Amino acid sequence: MSLKSSTLKETNTYEVEVSVDGETFKKAIDKAYRSQVKKINVPGFRKGKAPRAIIEKMYGEDIFFEDAMQDCYPEALENASKEAGLKIVSVKSLEALEASKDGFTFKAEIVVEPEIEIKDYKGIEIEKISTDVTEEMIDEEIESVRNRNSRMITVEDRAAENGDTVVIDFEGFTDGVAFEGGKAENYNLELGSGNFIPGFEEKIVGHNTDEEFTIDVTFPEEYQNDELKGKDAEFKIKLHEIKVKELPEVDDDFVKDVSEKDTVAEYREELKEQIAHRLEHEAEHDIEDKLTKAVLEKVEGEIPEEMYESEVNNMLREMDMRLRSQGMDMATYLKYTGMETDAVKEMYKPEAERRVKMRLALEKIAKLENITPSEEDIEAEYKKMGESYNMTADQVREVIPAESISEDLAVQQAMDLVKKEAKIK
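Our numbering puts the first residue of the sequence shown at 1, with every later residue one more than the last.
The hints are simulated quantities; they were obtained by calculation from the structure and are not laboratory data. Since we're looking at a predicted model, the values are computed, not measured. Using N, Cα and C, we set each Cβ at its ideal position, and we do this for glycine too. Do not rely on the hints blindly, as some may be mistaken.
If you anchor each label on the Cβ, the simulated ranges turn out as follows [claimed, not checked]:
#1 I424 to E156: 22 to 32 Å
#2 E202 to E351: 39 to 49 Å
#3 M347 to D132: 35 to 45 Å
#4 M328 to M137: 32 to 42 Å
#5 M137 to L368: 50 to 60 Å
Based on the sequences and whatever the hints tell you, model everything.
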C-alpha cells in the first residue's frame, strides 16, 4: 500500500490517490470469500462449501472485489495520509479507479487537521488570585459546620418569622376553582427562601400555630405554567407548626464533636490550613483557565468544522457513558428534559471548539519546542492508567497504543511549559 499523489483542493482538504498491492488485495479477497460463501448457492455444492474458483467462474472474478476494497480502504488511507504528512479528520469521498487481482488504486477526498500558527506563548502575564486566609473565612466555615450540625425545634410562643420553617397545608384557587398542582399537606417551607411565588412566604409571616387563613398573590408573568401566568390566586392555608433552627454553641465540646481537635483554637488553625489548601487549588485552576484563554487568543489558522462536530460527538458519547453509569441512557435523559439531540449538541459546541483549538495549539507548541515524552514517561503513564482502571500496565498497553499515549503526554508537557514560562503576579 502506497501513496501515489496528494493534491490540495482547498483549505484543509486534499485529494489523495492510493495504490494497494496485489498481496494485500488477495488476502482481502480471500477474507471476503470466506465471509460471503455462506450466503452463495452453487449447484452441486452444499451451501457454503463452493470453492472460490467455481464462484468466480460463475459470477466473475471481481465478485469479491467490492467487499475486499472496503476492507482495505481504512488501513490504506491511513498509511497514505501518514506518508503525505497529513492527519485525517474525515473522509468526504472514496472512489475506486481500477482493480484486478494484482491490486487496485483509488482516490479519496479527505479533510485534514489544519496547520495552525501560534506565537508569544512564552511569558504570558497572569494575575494570581489571593490565597490569603482571613478570619472571616474561618468564621464562615465554622458557621457552615454549625448549620450542618443544627437541629429543628418547635416554637409555640410566638408568630412565624422570616427564617422559620413552617409546616402547612395549602390549596390554591384561581377564579374560585382549584388548580392542578396547587395543593399540599404537611409541607415544610422555609420562610424567606424564595421557593414560592412572590408574596406567598411574606404573607405567612405573623401567623400563629393552628391558625387557618387565606392569602392573595399574583403569579409572575414569566411563570412556567402558561395557564397561571399573571393570574391572581387565592391560597387557603392551615399552619400546623413553626420550627426554628437551633445552632450548637462554638466551644470545646462542639469542636470535639465535629473534629479530631480538642480546643476551639486548634480547630480554627486546622480550618485555616484546609481553607489555604482549597484556595491554592482554586488559584491553580484559575491560572490554568487564564493561560488557556490567553493561548486560545494567540491561535491563527482555519480549523475545519468537521473537527468541532467530531468533538461534540465525543462529548455526547462521554455523556451517555456517565448516564449509563447512573442507570440512565441518553434517550431517557432527552425524554425527561424535553430536549432534542441537536439542542444538546448546540449546548456542547462552545466547549468542543475550545477543546479542539487548545489541543491543536498545544500540539503545535510541542512541535516547536521539540517535546518528545521519554519511554519512562510513557511507561509511568501506562502504570498510572492501569491503577486508575484497575488493570495492569500491559493490559492498558494492549488497548491504547504507545503513540496515542505519547501524543497526550506531549500535549500535557506543552501546557506545563506554557505555565512554567508564564509571568505570574
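Going through the hints against the structure:
1. I424 to E156: 22 to 32 Å: 59 Å, violated
2. E202 to E351: 39 to 49 Å: Since the Cβ atoms of E202 and E351 sit about 41 Å apart, the hinted range of 39 to 49 Å holds.
3. M347 to D132: 35 to 45 Å: 37 Å, holds
4. M328 to M137: 32 to 42 Å: About 38 Å separates the Cβ atoms of M328 and M137, which means 32 to 42 Å holds.
5. M137 to L368: 50 to 60 Å: Taking Cβ atoms as reference, M137 and L368 lie about 42 Å apart, which means the hint is violated.
Against the hints set out earlier in the document, violations occur for numbers 1 and 5.
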